[in-house]
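Numbering (my numbering), first residue to last: 1 to 61.
Just so you know, these hints were derived from the structure itself, not from any lab. Being a predicted model, the structure only gives us computed values, none of them experimental. Think of the CB as a built atom: it goes at the ideal place given N, C-alpha and C, for glycine as much as any other residue. Hints should not be assumed to be uniformly reliable.
Cut-off 27 Å, straight-line C-alpha distance, at most; resulting in silico cross-link-like pairs (DSSO-like, lysine-lysine) [claimed, not checked]:
{"id": "1", "residue 1": "Lys36", "residue 2": "Lys60"}
{"id": "2", "residue 1": "Lys36", "residue 2": "Lys22"}
{"id": "3", "residue 1": "Lys36", "residue 2": "Lys24"}
{"id": "4", "residue 1": "Lys46", "residue 2": "Lys60"}
{"id": "5", "residue 1": "Lys27", "residue 2": "Lys16"}
{"id": "6", "residue 1": "Lys24", "residue 2": "Lys13"}
{"id": "7", "residue 1": "Lys46", "residue 2": "Lys36"}
{"id": "8", "residue 1": "Lys22", "residue 2": "Lys9"}
Using C-beta positions, here's what the derived DEER-type ranges look like [to be verified]:
{"id": "9", "residue 1": "Lys27", "residue 2": "Ala57", "range": "36 to 42 Å"}
{"id": "10", "residue 1": "Lys60", "residue 2": "Asp35", "range": "36 to 42 Å"}
{"id": "11", "residue 1": "Ala59", "residue 2": "Ser30", "range": "26 to 32 Å"}
{"id": "12", "residue 1": "Lys16", "residue 2": "Val39", "range": "29 to 35 Å"}
{"id": "13", "residue 1": "Lys60", "residue 2": "Ser23", "range": "49 to 55 Å"}
{"id": "14", "residue 1": "Ser23", "residue 2": "Ala52", "range": "39 to 45 Å"}
{"id": "15", "residue 1": "Ala55", "residue 2": "Lys27", "range": "35 to 41 Å"}
{"id": "16", "residue 1": "Arg7", "residue 2": "Ala40", "range": "47 to 53 Å"}
{"id": "17", "residue 1": "Ser30", "residue 2": "Gly4", "range": "28 to 34 Å"}
{"id": "18", "residue 1": "Lys60", "residue 2": "Lys36", "range": "50 to 56 Å"}
{"id": "19", "residue 1": "Glu12", "residue 2": "Arg34", "range": "38 to 44 Å"}
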Amino acid sequence: MARGNQRDKAREKNLKAQAGQKSKNTKTGSEMQRDKEAVAEMMRQKQAAADAKRAEAGAKK
1 MARGNQRDKA
11 REKNLKAQAG
21 QKSKNTKTGS
31 EMQRDKEAVA
41 EMMRQKQAAA
51 DAKRAEAGAK
61 K
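Sequences and hints are given; from them, build the entire structure.
Written out as structure tokens, the structure reads:
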């Protein structure tokens, strides 16, 4: 009989934890697109820096 109470308590705790979690994306389409473009620009800059470093290392050899 004690296990039933333990199971109920665990179920209540789990439901409370799930209710506190963010369930879905709240960004609009334009916000999401803007974020994607910002990340893409950062990656382009990183790639350009890596290419420049690689070219510089190749020129020294």
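Each hint tested on the structure:
no.: 1; hint: Lys36 to Lys60; verdict: violated (36 Å)
no.: 2; hint: Lys36 to Lys22; verdict: holds (20 Å)
no.: 3; hint: Lys36 to Lys24; verdict: holds (18 Å)
no.: 4; hint: Lys46 to Lys60; verdict: holds (21 Å)
no.: 5; hint: Lys27 to Lys16; verdict: holds (24 Å)
no.: 6; hint: Lys24 to Lys13; verdict: holds (21 Å)
no.: 7; hint: Lys46 to Lys36; verdict: holds (15 Å)
no.: 8; hint: Lys22 to Lys9; verdict: holds (22 Å)
no.: 9; hint: Lys27 to Ala57: 36 to 42 Å; verdict: holds (40 Å)
no.: 10; hint: Lys60 to Asp35: 36 to 42 Å; verdict: holds (38 Å)
no.: 11; hint: Ala59 to Ser30: 26 to 32 Å; verdict: violated (43 Å)
no.: 12; hint: Lys16 to Val39: 29 to 35 Å; verdict: holds (34 Å)
no.: 13; hint: Lys60 to Ser23: 49 to 55 Å; verdict: holds (53 Å)
no.: 14; hint: Ser23 to Ala52: 39 to 45 Å; verdict: holds (43 Å)
no.: 15; hint: Ala55 to Lys27: 35 to 41 Å; verdict: holds (38 Å)
no.: 16; hint: Arg7 to Ala40: 47 to 53 Å; verdict: holds (48 Å)
no.: 17; hint: Ser30 to Gly4: 28 to 34 Å; verdict: violated (51 Å)
no.: 18; hint: Lys60 to Lys36: 50 to 56 Å; verdict: violated (37 Å)
no.: 19; hint: Glu12 to Arg34: 38 to 44 Å; verdict: holds (40 Å)
In summary, the structure is inconsistent with hints 1, 11, 17, 18 from the numbered list given earlier, while agreeing with the others.
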